[in-house]
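Chemist: Below, each chain spelled out in residue letters.
Protein chains: 2
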Amino acid sequence: MKEKKTVPADVGKAFLLEVIQRHAARTEEAVLLDLESALSDNDPLLLEVLKYSLLKGGKRLRPVLAILSSRVCGRDDDNLYLLAATFEYLHAGSLIHDDVIDHAENRRGKESVVKKYGMAAAILAGDWLHARCMHLIGTLAGQQGLDIVCNATQSMVDGEFLQLRYAANSAVTEEQYRSVVLRKTARLMSATCEIGALYGHANPTQQSALARYGEKIGIAFQIVDDLLDYLGDEQATGKVVGNDFIEGKMTLPLIHALAHASDAERAELITAVEHTPRDSDGCARARQLMRAAESFAFSRQRACQEIEEGLAALSCFAHKEHQESLAVLEQLAGYILRRDR
Amino acid sequence: MKEKKTVPADVGKAFLLEVIQRHAARTEEAVLLDLESALSDNDPLLLEVLKYSLLKGGKRLRPVLAILSSRVCGRDDDNLYLLAATFEYLHAGSLIHDDVIDHAENRRGKESVVKKYGMAAAILAGDWLHARCMHLIGTLAGQQGLDIVCNATQSMVDGEFLQLRYAANSAVTEEQYRSVVLRKTARLMSATCEIGALYGHANPTQQSALARYGEKIGIAFQIVDDLLDYLGDEQATGKVVGNDFIEGKMTLPLIHALAHASDAERAELITAVEHTPRDSDGCARARQLMRAAESFAFSRQRACQEIEEGLAALSCFAHKEHQESLAVLEQLAGYILRRDR
Numbered sequence: 028m029k030e031k032k033t034v035p036a037d038v039g040k041a042f043l044l045e046v047i048q049r050h051a052a053r054t055e056e057a058v059l060l061d062l063e064s065a066l067s068d069n070d071p072l073l074l075e076v077l078k079y080s081l082l083k084g085g086k087r088l089r090p091v092l093a094i095l096s097s098r099v100c101g102r103d104d105d106n107l108y109l110l111a112a113t114f115e116y117l118h119a120g121s122l123i124h125d126d127v128i129d130h131a132e133n134r135r136g137k138e139s140v141v142k143k144y145g146m147a148a149a150i151l152a153g154d155w156l157h158a159r160c161m162h163l164i165g166t167l168a169g170q171q172g173l174d175i176v177c178n179a180t181q182s183m184v185d186g187e188f189l190q191l192r193y194a195a196n197s198a199v200t201e202e203q204y205r206s207v208v209l210r211k212t213a214r215l216m217s218a219t220c221e222i223g224a225l226y227g228h229a230n231p232t233q234q235s236a237l238a239r240y241g242e243k244i245g246i247a248f249q250i251v252d253d254l255l256d257y258l259g260d261e262q263a264t265g266k267v268v269g270n271d272f273i274e275g276k277m278t279l280p281l282i283h284a285l286a287h288a289s290d291a292e293r294a295e296l297i298t299a300v301e302h303t304p305r306d307s308d309g310c311a312r313a314r315q316l317m318r319a320a321e322s323f324a325f326s327r328q329r330a331c332q333e334i335e336e337g338l339a340a341l342s343c344f345a346h347k348e349h350q351e352s353l354a355v356l357e358q359l360a361g362y363i364l365r366r367d368r
Numbered sequence: 028m029k030e031k032k033t034v035p036a037d038v039g040k041a042f043l044l045e046v047i048q049r050h051a052a053r054t055e056e057a058v059l060l061d062l063e064s065a066l067s068d069n070d071p072l073l074l075e076v077l078k079y080s081l082l083k084g085g086k087r088l089r090p091v092l093a094i095l096s097s098r099v100c101g102r103d104d105d106n107l108y109l110l111a112a113t114f115e116y117l118h119a120g121s122l123i124h125d126d127v128i129d130h131a132e133n134r135r136g137k138e139s140v141v142k143k144y145g146m147a148a149a150i151l152a153g154d155w156l157h158a159r160c161m162h163l164i165g166t167l168a169g170q171q172g173l174d175i176v177c178n179a180t181q182s183m184v185d186g187e188f189l190q191l192r193y194a195a196n197s198a199v200t201e202e203q204y205r206s207v208v209l210r211k212t213a214r215l216m217s218a219t220c221e222i223g224a225l226y227g228h229a230n231p232t233q234q235s236a237l238a239r240y241g242e243k244i245g246i247a248f249q250i251v252d253d254l255l256d257y258l259g260d261e262q263a264t265g266k267v268v269g270n271d272f273i274e275g276k277m278t279l280p281l282i283h284a285l286a287h288a289s290d291a292e293r294a295e296l297i298t299a300v301e302h303t304p305r306d307s308d309g310c311a312r313a314r315q316l317m318r319a320a321e322s323f324a325f326s327r328q329r330a331c332q333e334i335e336e337g338l339a340a341l342s343c344f345a346h347k348e349h350q351e352s353l354a355v356l357e358q359l360a361g362y363i364l365r366r367d368r
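If you read the sequences in order, they're chains G and D. Using the working numbering, read the first sequence as starting at 28 and increasing by one per residue. Using the working numbering, read the second sequence as starting at 28 and increasing by one per residue.
Extracted from the complex, chain G is given alone in its bound form (with noise of 0.2 Å):
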């Protein structure tokens, strides 16, 4: 009889960040070595662009997921890092769009692609990034794997636009942000793994599975960063605390607050949420009454129970050899909900 998964102790966080550190050390070799030769030909300036938001910062959590997919059912070879870099490129692509929507100064402590370069620079390097990114997962993993980014980068487009659709609008349910939540952020996280499985592969179940893991942590690691916009060390996030609030972004815990508040605090909620500007007083507001009303309890409650139906979506792998890789991938399901940046 299986065991029931829960979310792993944090026990073996010095071996997990070693295993993250080498297989993100391979990733940056293989995005070197290809933008080296991609753009042997081009202008020196792109290849900084592309340089400067692709080095020396970043989780490197989708390369990671896509080659510990691929490992856990059996392949690891020099391509499988390629393949793991094209989801940073589509990450940062994504980001230094973001940074010139959000007129963004900033992003992982150093300044963002669009202050330090420019708008042009900014747009068309994401563009790059993204035609890039689908290029190589052509090639790599077939037109399998490009159905899975091409739906899940369309699908990221169309929850940015739901989520400004709800911006600043105190009736949105729990259910209306999962869906947010699984548009914007998760579906790109389950294509990451389900590619690596298919490069790895891996038979329909654990295919599947390895989708299903990537969705659930997808959801818990999304839930996780609008806890942490509220209650993060500024230091460690490299944002600003409360700057969802400020734009308006309906996240979990306000949702939540929202719904259990009493009558007259849920009033005042809805005047700090709608009213705008929308400045640090009302948001620091918000948060004293979403503590009241336990709504970052309940968030974090939330992605736990996400990373649980993520870890039991595993249980496939449960008498494969490569233990290692499996090890790793319900260690990082862990960090996802631990983790302070």
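These aren't lab readings, by the way, just hints derived from the structure by calculation. Heads up, none of these hints are tricks.
Each pair may be met inside one copy or between any two copies, as identical chains are not told apart.
Only pairs whose alpha carbons sit at most 25 Å apart, straight line, appear in this in silico SDA-like list of lysine to any residue:
| hint | residue 1 | residue 2 |
| --- | --- | --- |
| 1 | K266 | Q48 |
| 2 | K276 | Q262 |
| 3 | K143 | P304 |
| 4 | K142 | E132 |
| 5 | K143 | T303 |
Let chain G serve as the given structure and place chain D on it in line with the hints.
Modeler: Frame of chain G; chain D shown alone:
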């Protein structure tokens, strides 16, 4: 013995327009069907933005090129019009992003997407169009088609970077201008024709012939575009005359005048180009000097030469069936030279 190809006289204009309109209309139908099926479950604003940018407007040159390139090789079916639509997706996506970069308020006689829907919607809609294009080309034209379109897209970004590098630099040569035009415009038109050929089961000779035709008419197209920027009728083009000059774009007439004007006039031109802000008086004077140096006539002659080389590339189709498509490809090349918008 084969006749030397020359630019066809403007005799078949009505015929050409009728064929273009027929193909353009079927492409619009394919766009609409595809958007509505791909976006049935998506945010309605995304669909609205995409319809706004894709329907009712534009010359549909790229879809028509893809259709004719497949037809001249002998294949014409419903999916050809969906394949053709993808080139309009790519083109529209790039125009939307261009308008963000240039802060352009108008496009094709109506408000630009960024002006009407804001920056977030514009950047995201462009990203969606690019991803959908890659997705469909991978599906309809396989790995080789995907390679061709991704290379061309990456090249386009490179061309834009080169253009930024050369901005307001009076030392730019005709050869450097050609390398910008090749990357920015011609490789994508070449890709459009080549992928059409691939879809039409072209043999390798036919495929390279159509790729070469596309490249040559692409260069001519951009030279004419650059001419229209100085000489066009704002009513017809929907663009402000002299815009390239104001932005410091080093296009062929200006490069030619700089190389062929008298020393005094050259010094005057350099001042007009390199000192900011550039204004419409400077542009008017530059236009005078370009006209005196016969730079417009020279540029038109260069475009004409490219068209002739493009037509010559089609000689391998001399004894094939589908002469109608061949005739339209030839007429279309002539139209590119004569167009006024």
